[in-house]
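Respectively, the protein sequence lines represent chains Y and U.
Going by the working numbering, the residue at position 218 of the first sequence is 218; the numbering climbs one at a time, nothing skipped.
Going by the working numbering, the residue at position 396 of the second sequence is 396; the numbering climbs one at a time, nothing skipped.
It cannot be assumed that every hint is accurate.
[To be verified] Example chain U residues on the side facing chain Y (calculated, C-beta under 7 Å, incomplete):
| # | residue |
| --- | --- |
| 1 | A87 |
| 2 | Y287 |
| 3 | V307 |
| 4 | A309 |
| 5 | Y374 |
[What the hints assert, rightly or not] Listed below are the simulated DSSO-like cross-link pairs for lysine-lysine, each with C-alpha atoms no more than 30 Å apart in a straight line:
| # | chain 1 | residue 1 | chain 2 | residue 2 |
| --- | --- | --- | --- | --- |
| 6 | U | K77 | U | K285 |
| 7 | Y | K390 | U | K277 |
| 8 | U | K264 | Y | K113 |
| 9 | Y | K162 | U | K12 |
| 10 | U | K12 | U | K285 |
For the record, the hints were derived by calculation from the structure and aren't laboratory data.
Fair warning: this is a prediction, and the values are worked out from it, not measured in the lab.
Think of the CB as a built atom: it goes at the ideal place given N, C-alpha and C, for glycine as much as any other residue.
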Amino acid sequence: MFSYYLELALRSLKRSPGLTALMVLAIGFGVAASMTTWSVFRAVSGDPIPWKSAQLFVPQIDNWGPNGRSSDGEPPNAMDYADAMALMRDHRAKRQSAMYQISPSVVPAEAGKHPMNVSGHAVYGEFFPMLDVPFKYGSGWSASDDESRALVAVISSKLNQKLFGGAASVGRSVNIEGKDYRVVGVLDDWNPQPRFYDVVNSGGFSVNGDDVFLPFLTAIQADLPNDGNTNCNAVPKESGFVGLQRSECVWIAYMAELDAGAVAAYRDYLDGYARDQQRAGRFAWAPNGRLRDLRAWLDNQHVVPSDTKVSLLVALGLLLVCLVNTVGLLLAKFLRRSSEIGVRRALGAPRAAIYAQFITEAGIVGLAGGVLGLLLTGVGVASVGWVLPKDIAALARLDVSLLLLTLLVAVIATVLAGLYPTFRASRVQPAWQLKSN
Amino acid sequence: MKLHPILAALRKHKAGTVLIALQIALTLAIVCNAVFIIGQRIERVNRPTGLDESNLFLISQQWVGAPSADTPDGVEKLDAMQREDLAALRQLPDVVSVAPINSIPLLNSSWTGSVSLKPGAQLGGKGNTRTAYYFTDEQALSTLGLRLVAGRAFTAGDVQHQGFRDQRERPIAIITRQLADKLFPQGSAVGKVMYTDGSSAPTTVVGVVERLQIPASGSWGNEFVWNSTLIPTRLDANFARYAVRTKPGRLDAAMRAVAPVLYKVNPLRVLDDDSVKPFDEIRAKAYRADRGMAVLMGVVCLILLCVTAAGIVGLTSFWVGQRHRQIGVRRALGARKADILHYFQIENLLIAGAGVVIGVLLAVGLNLWLMTHYEMSRIPLPYVLTGVLAMLAMGQAAVFVPARRASNVPPVEATRAA
Numbered sequence: 001m002f003s004y005y006l007e008l009a010l011r012s013l014k015r016s017p018g019l020t021a022l023m024v025l026a027i028g029f030g031v032a033a034s035m036t037t038w039s040v041f042r043a044v045s046g047d048p049i050p051w052k053s054a055q056l057f058v059p060q061i062d063n064w065g066p067n068g069r070s071s072d073g074e075p076p077n078a079m080d081y082a083d084a085m086a087l088m089r090d091h092r093a094k095r096q097s098a099m100y101q102i103s104p105s106v107v108p109a110e111a112g113k114h115p116m117n118v119s120g121h122a123v124y125g126e127f128f129p130m131l132d133v134p135f136k137y138g139s140g141w142s143a144s145d146d147e148s149r150a151l152v153a154v155i156s157s158k159l160n161q162k163l164f165g166g167a168a169s170v171g172r173s174v175n176i177e178g179k180d181y182r183v184v185g186v187l188d189d190w191n192p193q194p195r196f197y198d199v200v201n202s203g204g205f206s207v208n209g210d211d212v213f214l215p216f217l218t219a220i221q222a223d224l225p226n227d228g229n230t231n232c233n234a235v236p237k238e239s240g241f242v243g244l245q246r247s248e249c250v251w252i253a254y255m256a257e258l259d260a261g262a263v264a265a266y267r268d269y270l271d272g273y274a275r276d277q278q279r280a281g282r283f284a285w286a287p288n289g290r291l292r293d294l295r296a297w298l299d300n301q302h303v304v305p306s307d308t309k310v311s312l313l314v315a316l317g318l319l320l321v322c323l324v325n326t327v328g329l330l331l332a333k334f335l336r337r338s339s340e341i342g343v344r345r346a347l348g349a350p351r352a353a354i355y356a357q358f359i360t361e362a363g364i365v366g367l368a369g370g371v372l373g374l375l376l377t378g379v380g381v382a383s384v385g386w387v388l389p390k391d392i393a394a395l396a397r398l399d400v401s402l403l404l405l406t407l408l409v410a411v412i413a414t415v416l417a418g419l420y421p422t423f424r425a426s427r428v429q430p431a432w433q434l435k436s437n
Numbered sequence: 001m002k003l004h005p006i007l008a009a010l011r012k013h014k015a016g017t018v019l020i021a022l023q024i025a026l027t028l029a030i031v032c033n034a035v036f037i038i039g040q041r042i043e044r045v046n047r048p049t050g051l052d053e054s055n056l057f058l059i060s061q062q063w064v065g066a067p068s069a070d071t072p073d074g075v076e077k078l079d080a081m082q083r084e085d086l087a088a089l090r091q092l093p094d095v096v097s098v099a100p101i102n103s104i105p106l107l108n109s110s111w112t113g114s115v116s117l118k119p120g121a122q123l124g125g126k127g128n129t130r131t132a133y134y135f136t137d138e139q140a141l142s143t144l145g146l147r148l149v150a151g152r153a154f155t156a157g158d159v160q161h162q163g164f165r166d167q168r169e170r171p172i173a174i175i176t177r178q179l180a181d182k183l184f185p186q187g188s189a190v191g192k193v194m195y196t197d198g199s200s201a202p203t204t205v206v207g208v209v210e211r212l213q214i215p216a217s218g219s220w221g222n223e224f225v226w227n228s229t230l231i232p233t234r235l236d237a238n239f240a241r242y243a244v245r246t247k248p249g250r251l252d253a254a255m256r257a258v259a260p261v262l263y264k265v266n267p268l269r270v271l272d273d274d275s276v277k278p279f280d281e282i283r284a285k286a287y288r289a290d291r292g293m294a295v296l297m298g299v300v301c302l303i304l305l306c307v308t309a310a311g312i313v314g315l316t317s318f319w320v321g322q323r324h325r326q327i328g329v330r331r332a333l334g335a336r337k338a339d340i341l342h343y344f345q346i347e348n349l350l351i352a353g354a355g356v357v358i359g360v361l362l363a364v365g366l367n368l369w370l371m372t373h374y375e376m377s378r379i380p381l382p383y384v385l386t387g388v389l390a391m392l393a394m395g396q397a398a399v400f401v402p403a404r405r406a407s408n409v410p411p412v413e414a415t416r417a418a
């Protein structure tokens, strides 16, 4: 029976090619616009570390007090040096790391090559196991390396390619800001988007990943200045990087890994810490800390650009209009064949048969619209690079799931749009149709 | 023409009428807001920075193994290195002038603070005006192409230097007219005293420039976008930026000459593809997202209008086909072609009219919703009115072809059996 309906549908669609083309175009464009913006939205709102995001937490400490809070009472979104060091010393989480962004120069060993600038982070050794960072060669460094301010470095495979031609470079030395560091690990491809461990400084997305990781205390001792945001509620009393470390300015990111059972205890610990500071006279206000898991933190920091959300909404609006349009056109198309329906019904076709026939027809229109939508989505995803910021456009990808979704959305939406016209068609009174003809 | 027969006919086509009206309403709501977004972005992108943007480029470079900027000795060494670079760049044949500068409008690397008329004001408190600082020297005005409207420019004798993170008094400054008007609404700002960043040391305003945008192009800088302050100080750090003005038409040649001459002064530095950038490129990068959003909204609007217009053509054609016989009867009873044409035009006007009334409500509702959830301002009335007129015009244009076909139905149709 289905093949009969298919034939009927094709014949009917062929009879009014203009109307059919109109519907297919509308659905194709509507679906393509939605899917293109969806691919961008999906890319920027995804969980960068889904298997672990529920155990990763970002603590915040209110070291500025009521005057420094944002209008919704939020404390600063980064830490000052004193608090970050205190939390690291107490070491209450399963794993934790304070970190700050650096941008040192690297001098290639080869003569004649010019120095280059790399971006990276100064972190603690626990950073690597905490975030399940994949290594190609070697590994991260130990807690004792942190303590002894060892001159060790972890580099990206990209930097390894540039400096050592991609060889297993563990044990070799790399000159960073004029000092020799021993390579202990080379990362595998790792460039999570958003760069969740330090969204405050990366702004969330960046095409280029970090190329170098150094031990936090080593970087401080080597006087490697921070290359990111520094926010102050008062001008530092002392000059230089040391002055920054002694100020209440915030510039350090912090992340802790907590098992589900340990979250409440850690929250109490943060409160207790702030209360201790209050008692010691440093804070003149009650504790106002925060502890958010990674997803809540990304949400709080508005990592998904609002433009992306607005474009998705507008594109969905477009799809809606296209569907309303399709409802109208299908209605016109189906009711035009009232006499045909009348004949079929008079010859004994049940309502269900009418339903099947017209839903099939709607489904074919949807499928054709979906195929057109596929092509247009391909064009759309390929050209977002022209429209969106590079860091974000690079994330939009065409994959099998997106293609299937495009087809599925097109067919389901069109069948839904066809329901009302089909209902109307099935209500056609055979007697009246036969009589009027 | 009486409306009654039209309304009576529409009552027979409830579903189709409602669908077209709904489609017009949704289209109006989306198009109004999308066009408003486009308008806002265009306005942002077109605001002048205050610079003479042609023949201007920026060098951002970093020294390797440079002395520490945290020691007095290191600061002196860094300053000597910077002066060496400046001297070498100023010698280049295609270069008109060069100024060291910590940032440039639209670069999105800012040093912001606040100025106050009272000494020792608390940061973030009331009475502070936010500002972005440009630390530069006596060639700043000519290099950036700023227009001095009052007072004087910096002289070589005004220029100090300091470590990047050092705190130092700022005896004089040049501010923008917008900042001057804010701080000193009465009379000229020249010669007046202000206090920067809660300091108790006075800063005297020696000059006022017509306009200079802050480096931040994002919306967080909107509230102080024209409040720039120029301080005659070279900042010494392991990196430095230089703004360079070239002779007309010699931009490319001057940019190509930079790397060799700087490497000759000191090869131990980072100078890569990103280091030498014409101002055009800085502007394009800063506004890329805005331009993209405008293009995207434009494409969506275009598709929407086409789809809706096509929908109207489709449904009206269907109605025309359905009423072939009735049209023939009317024509046989003496209706002119124009009457038939008008009939469909008025019918469309009624449907579109109902659609735009709902559409205006939806547009305002959508705008309010966007305002609460995203950075959006209230949509001005002219946008909505233009949208309404555009929708009605589009409806008329779309209905014209099927209506014309209807008017061409010959009276003889009435006599034929359907």
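Each hint, compared with the structure:
1. Among the interface hints, the one on U:A87 is violated; its C-beta lies about 22 Å from the nearest C-beta in chain Y, farther than the 7 Å criterion.
2. Evaluation of the U:Y287 hint against chain Y yields a violated restraint, the C-beta minimum of about 10 Å exceeding 7 Å.
3. Hint on U:V307 holds. Least Cβ distance to chain Y is approximately 5 Å, under the 7 Å limit.
4. Residue-level restraint check for U:A309 is violated (minimum Cβ-Cβ distance to chain Y is 10 Å; threshold 7 Å).
5. Using the Cβ-Cβ criterion of 7 Å, the hint placing U:Y374 at the interface with chain Y is satisfied: the shortest such distance is roughly 4 Å.
6. With a C-alpha separation of about 34 Å, the suggested pair U:K77 and U:K285 falls outside the 30 Å cut-off, and the hint is violated.
7. For the hint pairing Y:K390 with U:K277, the CA-to-CA distance comes to about 17 Å; that is within 30 Å, so the pair holds.
8. For the suggested pair U:K264 and Y:K113, the alpha carbons sit about 14 Å apart, so the restraint of at most 30 Å is met.
9. Annotation: proposed proximity of Y:K162 to U:K12 is violated, straight-line Cα distance about 75 Å (limit 30 Å).
10. Straight-line distance between C-alpha atoms of U:K12 and U:K285 comes to about 56 Å, which puts the hinted pair past the 30 Å bound.
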